[in-house]
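Residue numbers (the working numbering), protein chains in the order written: chain A, 76 to 631; chain B, 76 to 631.
Think of the hints as simulated: they come from the structure by calculation, not from any bench.
Virtual Cβ for every residue (Gly too), placed ideally from N, Cα, C.
Do not rely on the hints blindly, as some may be mistaken.
Beyond 12 Å from chain A on every Cβ pair, some chain B residues (computed) [claimed, not checked]:
#: 1; residue: G259
#: 2; residue: S263
#: 3; residue: S288
#: 4; residue: E327
#: 5; residue: N341
Here are some chain A residues pointing at chain B (derived, C-beta under 7 Å) [said to hold, decoys possible]:
#: 6; residue: P284
#: 7; residue: T507
#: 8; residue: Y604
Label pairs and their computed distance ranges (CB to CB) [what the hints assert, rightly or not]:
#: 9; chain 1: B; residue 1: G168; chain 2: A; residue 2: A560; range: 54 to 62 Å
#: 10; chain 1: A; residue 1: E605; chain 2: B; residue 2: D242; range: 34 to 42 Å
#: 11; chain 1: A; residue 1: L542; chain 2: B; residue 2: V446; range: 50 to 58 Å
#: 12; chain 1: A; residue 1: P226; chain 2: B; residue 2: P193; range: 34 to 42 Å
There are 2 protein chains.
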Amino acid sequence: MAKAKNVLFIMFDQLRWDYLSCYGHKHLHTPNIDRLASMGVRFTRAYIQSPICGSSRMSTYTGRYVNSHGATWNNVPLKVGEITMGDHLRDNGMSCWLVGKTHMKADAEGMRRLGLEPDSIIGARVAECGFDVFERDDGMLPEGPDGAYDPNGAKEYNKYLKAKGYDSDNPWHDYANSGLDDNGNVLSGWFLKNSTEAANIAEPDSETPYLTSRGMEFMEGHDGPWCCHLSYIKPHWPYIVPEPYASMYGPEHVQAPIRDESERENTHPVFKAFMGARVGEAFSRDDVRNAVIPAYMGLIKQVDDQMGRLFTWLEDTGRIQDTMIVLTSDHGDFLGDHWLGEKTFFHDSSTKVPLIIYDPSPEADATRGTVCDALVESIDLAPTFVDVAGGEPAYHILEGESLLPILHGETTDTQRDYVICEYDYSGSPIATKLKSSVQDATMFMIANKHWKLIHCEGGYRPILFDLENDPQELVDLGDSADHKAVIDDMYDKLFAWTRRQSQRFGISPEQLIKGRPKTSRLGVVIGAYEESDMDPDLITKYQGRKASDMKAGPKG
Amino acid sequence: MAKAKNVLFIMFDQLRWDYLSCYGHKHLHTPNIDRLASMGVRFTRAYIQSPICGSSRMSTYTGRYVNSHGATWNNVPLKVGEITMGDHLRDNGMSCWLVGKTHMKADAEGMRRLGLEPDSIIGARVAECGFDVFERDDGMLPEGPDGAYDPNGAKEYNKYLKAKGYDSDNPWHDYANSGLDDNGNVLSGWFLKNSTEAANIAEPDSETPYLTSRGMEFMEGHDGPWCCHLSYIKPHWPYIVPEPYASMYGPEHVQAPIRDESERENTHPVFKAFMGARVGEAFSRDDVRNAVIPAYMGLIKQVDDQMGRLFTWLEDTGRIQDTMIVLTSDHGDFLGDHWLGEKTFFHDSSTKVPLIIYDPSPEADATRGTVCDALVESIDLAPTFVDVAGGEPAYHILEGESLLPILHGETTDTQRDYVICEYDYSGSPIATKLKSSVQDATMFMIANKHWKLIHCEGGYRPILFDLENDPQELVDLGDSADHKAVIDDMYDKLFAWTRRQSQRFGISPEQLIKGRPKTSRLGVVIGAYEESDMDPDLITKYQGRKASDMKAGPKG
C-alpha cells in the first residue's frame with residue numbers, strides 16, 4: 076500500500092445511517108459497503124450540520140457551520156466570499172472535481188458585484204461551490220409552474236436517456252422515476268403509492284449506475300492528485316427503483332418505526348408543527364411506509380451493488396492503492412420515525428449519517444475494520460482531505476478537524492465537546508403555520524455523547540434527549556425540572572459556540588500571535604513619554620534627527 | 076430647503092464625545108460644530124462597534140457588526156465577499172467617494188482567489204472598502220523595521236508637503252507631527268513629552284486644513300448624488316498641533332480624569348491588564364495628561380475652525396441646501412480615564428462618540444437643534460444613507476437601522492434594545508500577558524440605557540456598570556450577587572444577539588416568505604401519497620401522461 080494520493084469522496088443523498096448492514100440493518104444486506112468498512116474505519120457518531128441537502132452540503136464543501144457560511148436552506152446562495160474545499164485543496168496541489176450533485180445555488184448578485192463571469196475558470200468555480208465540474212447532476216427535473224427547482228436538473232443524464240431511446244421531454248421523470256401501468260399510463264414516482272411499481276427503465280440506465288460510470292470515466296481520464304466528489308442522488312426521492320431491486324423487498328422487510336404514541340402528547344409546538352406537515356402525516360401511515368420503504372431499500376441495495384462494481388474497478392486499475400475512499404450521506408430520512416417524514420428535524424434518523432473512510436496508507440493498517448464512536452461532523456472532511464493532500468488545514472477558516480489522526484490510530488477521539496446542527500425553516504410553510512418571523516424560524520441542535528438539546532428561536536422551551544438512557548430519543552426532557560442543570564450546561568456550550576470568531580478568517584492565529592511583540596516597538600509608538608521609555612536595545616528612528624539634515628521649510 | 080441629495084459624511088479619528096462644547100466640555104469651545112448641532116440632531120448615545128480604528132470603521136462602512144464581517148482588528152483584512160456602504164449606495168444611484176482615512180486592509184489573498192485586480196474598477200473598490208478613492212490618506216507614516224503600518228501612509232499629503240518646501244524623506248513626521256528645539260533637533264510627536272511643542276509647520280499646511288481643502292475640491296468637481304466620506308486623521312495621535320493652537324490650552328484647561336482609586340482594587344483581570352499597558356500607565360500620570368491633553372484640545376479646536384471654513388463654503392456654494400451633513404468619530408480616547416490610555420476598552424470615554432446629523436429637507440425642520448438619547452450604533456449610518464439615496468435599506472445585510480425617522484421627527488427612539496461593541500486583543504501583547512489563546516482573547520460589550528455588561532472570553536466573571544446610577548462607570552458590579560438577575564438578563568440578550576442569522580445575506584426575508592406557499596405545490600412533490608393529496612385546484616403535470624405519447628424506450 077502506498078500513501079493516499081487521491082480522495083474519492085462518495086456521497087449519497089438521504090441515506091440513513093442505519094440502512095446498511097454494517098450499521099445493523101436486519102434485512103438490507105450491503106456486503107460491498109460492509110467490505111469498505113472492513114478495510115477502513117466506520118464512524119458511529121457522524122453528524123451533518125443541517126438536515127437538508129443544500130445547507131448540509133455547503134457545510135461539508137466549506138468545512139464551516141451553516142451559521143458561518145449563511146447558506147441556511149436549499150437555494151439560499153453560497154456567498155461569493157466563501158472559501159471551499161476546492162480552494163483549500165488546489166492551494167495544496169490537489170485538484171477537486173465534481174461528478175454528480177452539490178445542490179449549489181450560485182450567488183448571482185455577488186458575482187455581478189465582483190464582476191465574476193460564470194464562464195471564466197474562477198467564476199465557474201465560484202458558481203459551482205469550488206469544484207471543477209466533470210458532471211453536475213442534481214438529479215431533479217421537476218415540472219410545474221412554481222417548483223423551486225433547477226431547470227438544468229438532470230441535464231446530462233436526460234441527454235443520455237434520450238440518446239438511449241427513452242423518448243420524452245423529461246425521461247428523468249417518465250422512465251427513470253416512474254412506473255407504467257398496463258394501460259400505458261405513466262405512474263409518477265412523485266406519488267408515494269407508486270413506490271411499489273418498478274421504474275420503467277433498464278437497470279443499467281438508471282441514475283446510480285450512470286453516475287458510477289461517470290465517476291470511473293473521470294478517474295480514467297485524470298492523473299492525480301485529485302479529489303473526486305462522486306455524489307449520488309439516490310436513495311433520495313422520488314422513491315422508485317427498477318427491477319430487479321423493485322421486487323427484492325416487501326412489507327415484511329420494513330423495520331418498525333422508531334416512535335411512540337407518547338411523542339404526540341404535550342409535544343413541543345415546533346416539533347408538533349413538523350409532525351403536522353403533509354409528509355409527516357403520510358409517513359405516520361403504515362400503508363405509506365410499506366409502499367415506500369421497500370423501494371428505498373431497493374435503491375440502497377442498488378447503491379451497494381454499484382459500490383461493488385466501483386471498488387472492483389478501483390482494484391483492477393490499481394487506484395485502490397493510492398486513493399482514500401470516503402463514503403457518507405448528506406443527511407438521513409425519518410421514514411415515519413417520530414411521526415415525521417423527510418429530514419428536517421434533529422433526531423438521529425436524520426442528523427446522523429453513515430461515514431466510512433478507507434485510507435490505503437500503511438499508517439492506517441492499525442485501524443482497518445475498526446469502529447469509532449468519536450463525535451464527528453461533516454465539516455471534518457475538508458480538513459481531512461487537506462491533510463491527505465499534504466497541507467496544513469487552515470483552522471481559522473475550516474471549523475472541523477482532520478480525522479487522519481484517528482485513521483492512523485494516533486487517537487481515538489476528536490477534540491470537540493459537542494456537535495452542532497442547524498435548521499432554518501423561514502422559507503417553509505411551517506413558519507407561516509407557527510407565525511414565526513424570518514428571524515425566529517431557526518433552530519439549533521447541540522449534542523454530545525450523552526445529551527442532545529434543541530433550541531428553537533421564538534421563545535420556546537428547549538427539547539432535550541438523554542442519548543445514553545433513551546438512545547431512540549422518544550422522551551423529551553425539555554420541560555423536566557430535574558434536568559435544569561443539564562439544560563443550562565448545554566445552553567452554556569451553545570452560547571460559547573455562538574461566540575466563536577467564525578468570520579475572522581482573513582488572518583491566521585499564527586499571524587496574530589506573530590504580530591504581538593511588535594506593536595509596542597518601532598514604527599507606531601504608543602504610550603511612550605520619552606525616548607527612554609522605549610526598549611533600550613532598540614534604536615529609535617526618531618532620535619537624533621536634525622533640522623540641518625533637511626532643507627529649510629516655509630517655517631524653517 | 077430641498078431634500079437631501081448628497082451626503083457629506085465627516086469622520087474624525089479618536090475624537091471623544093465629550094470634547095466638544097455642545098457635548099459639555101467646559102474649556103473647549105467649538106462654535107462651528109455646535110452650530111451644526113443647532114441645525115440638526117445631536118445624538119447622546121451613539122456607540123461604535125469596536126474601540127479601535129479599523130474594526131470600528133469596517134462596521135461603519137459595511138453596516139455590520141464586527142462579528143459579522145470579521146475584520147476584528149487593525150490590519151485584519153475586510154474579506155472580499157463583504158458588501159459595503161458604497162455597494163449599497165451605488166445600487167441606489169448614489170456614488171460613494173473617499174477623501175481621507177479608512178484604515179482598510181485589502182484581502183489580498185481573497186482577491187487573488189477571485190482573480191480581482193487591484194487596478195480594475197471593481198478590484199479597487201474591493202481593496203478600498205467599497206469607496207471610489209479621491210484621496211486615501213490614512214495619516215500615518217511611521218518608520219522602523221517592524222511597525223504594523225502602511226508604507227503608502229500619508230502618500231499624497233507628503234507629496235503636498237514636499238512640494239511646499241518641507242524637505243525631508245518624511246515631512247509628515249518631521250514637520251507636521253514634530254516640534255523643533257533651539258538646537259535644530261526634531262522633537263518627535265511620537266513621544267508624549269513633545270506634545271507641549273508646536274508642530275514645525277505653517278498651520279494652513281497641517282493635515283486638517285489640507286484634508287478640508289481636498290474635501291472641497293472633491294465636491295467642486297463632482298455632481299451628485301454623492302456620498303463624500305471626508306475622513307480626518309486628527310485629533311488622533313501623534314498629539315502635536317501647530318500654532319496658534321499649540322498655545323491655546325494649558326494644564327489649567329485639562330478636565331479631571333474620570334477615575335477612582337477604587338478601580339485599581341479587586342480589578343477584573345482583563346481590565347487590569349489593559350491598565351498595565353504602557354499607555355495606560357503613561358496616561359495615569361498627571362504630567363503626561365498635562366502635556367498631551369492641551370495638544371489634543373488644540374487639535375480639536377483646529378478641527379472646529381476647519382468645520383467653520385467648510386460649512387461657510389457649503390453655504391456659499393449652495394451645497395448646504397441639498398447635502399446631509401453627518402459628523403462623528405470612529406471612537407474616543409481614554410486620556411487617563413479609568414487609568415487607561417488609548418481606546419481599547421469599553422467605557423463611554425472610548426465607545427461613545429459624538430454624532431450630529433443635519434438634514435436639509437423640510438421634513439427635518441421639526442427636529443433642528445434637538446438632542447436625541449436613542450441607542451444608536453455607527454452601523455446605523457449605512458442604512459440612513461441608503462434611505463437618503465431613496466433606496467430601501469437591505470436589512471438582511473445591513474444590521475443597523477435608518478435614523479431618518481428620528482431626523483424627521485416620526486419617532487424619538489431606535490428599535491433596538493441594546494448596543495453591541497466588540498474587541499479582539501488576540502494580536503496584542505496583552506493576550507500574551509494574560510496567557511489568552513487567540514480564540515479567547517476577545518470581548519463583547521452589551522449596553523442599554525441602564526446597564527453595560529462586558530464579557531471577556533476565557534472564563535472570567537463579567538464586568539457590569541450601572542449607567543443610571545453610576546454614569547461615570549466607576550463601580551464594577553460584575554461580582555455583585557445582588558445583580559445576578561441583571562447579569563443573567565444582559566447575558567440572555569447577548570446570547571440572542573450571537574444567535575442572529577448574520578450570514579444569511581444571500582437571500583432577503585421577502586424572498587424567503589415569498590417561497591413559502593409554493594413548496595408543497597407543483598414541481599417538487601413531497602409527501603403526497605396519491606394525486607388527490609394535491610391541492611385540488613392545481614392540475615398536476617404528472618397526471619394523465621401516456622406511454623403512447625412517447626416513443627417506446629428500450630424497455631417499452
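Beyond 12 Å from every chain A Cβ - status for B/N341: holds (25 Å)
Is the nearest Cβ of chain A still more than 12 Å from the Cβ of B/G259? Per Cβ check, B/G259 is inside 12 Å of chain A; nearest 4 Å; violated.
Does the claim that B/S288 lies outside the interface with chain A hold up, using a Cβ gap greater than 12 Å? Holds, since 16 Å exceeds 12 Å.
For the pair B/G168 and A/A560, does the Cβ-Cβ distance stay inside 54 to 62 Å? holds (57 Å)
Next item in the hint list is A/P284. Is there a CB on chain B closer than 7 Å to its CB? Status violated, d = 14 Å.
Outcome of range test on Cβ distance (A/L542, B/V446; 50 to 58 Å): Because 56 Å falls inside the window, the suggested range holds.
Check on B/S263 being off the interface with chain A, judged by Cβ distance over 12 Å: For B/S263, whose nearest Cβ neighbour in chain A is about 4 Å away, the distance does not exceed 12 Å, so it is violated.
34 to 42 Å was suggested as the range; check whether the CB atoms of A/P226 and B/P193 agree with it. This hint holds: roughly 37 Å between Cβ atoms.
Hint check, A/T507 versus chain B [nearest Cβ-Cβ separation less than 7 Å]: A/T507 check passes; min Cβ-Cβ to chain B is 6 Å, inside 7 Å.
With respect to the beta-carbon atoms only, verify the hint that A/E605 and B/D242 lie 34 to 42 Å apart. With a Cβ separation near 27 Å, A/E605 and B/D242 fall outside 34 to 42 Å, so the hint is violated.
Least C-beta distance from B/E327 to chain A larger than 12 Å: At about 21 Å from chain A, B/E327 clears the 12 Å cut-off, so the statement holds.
Taking the least C-beta to C-beta distance, is A/Y604 closer than 7 Å to chain B? This hint holds: A/Y604 lies near chain B, its Cβ roughly 5 Å from the closest one there, short of 7 Å.
When the structure is compared with the earlier hints, violations turn up for hints 1, 2, 6 and 10 and for no others.
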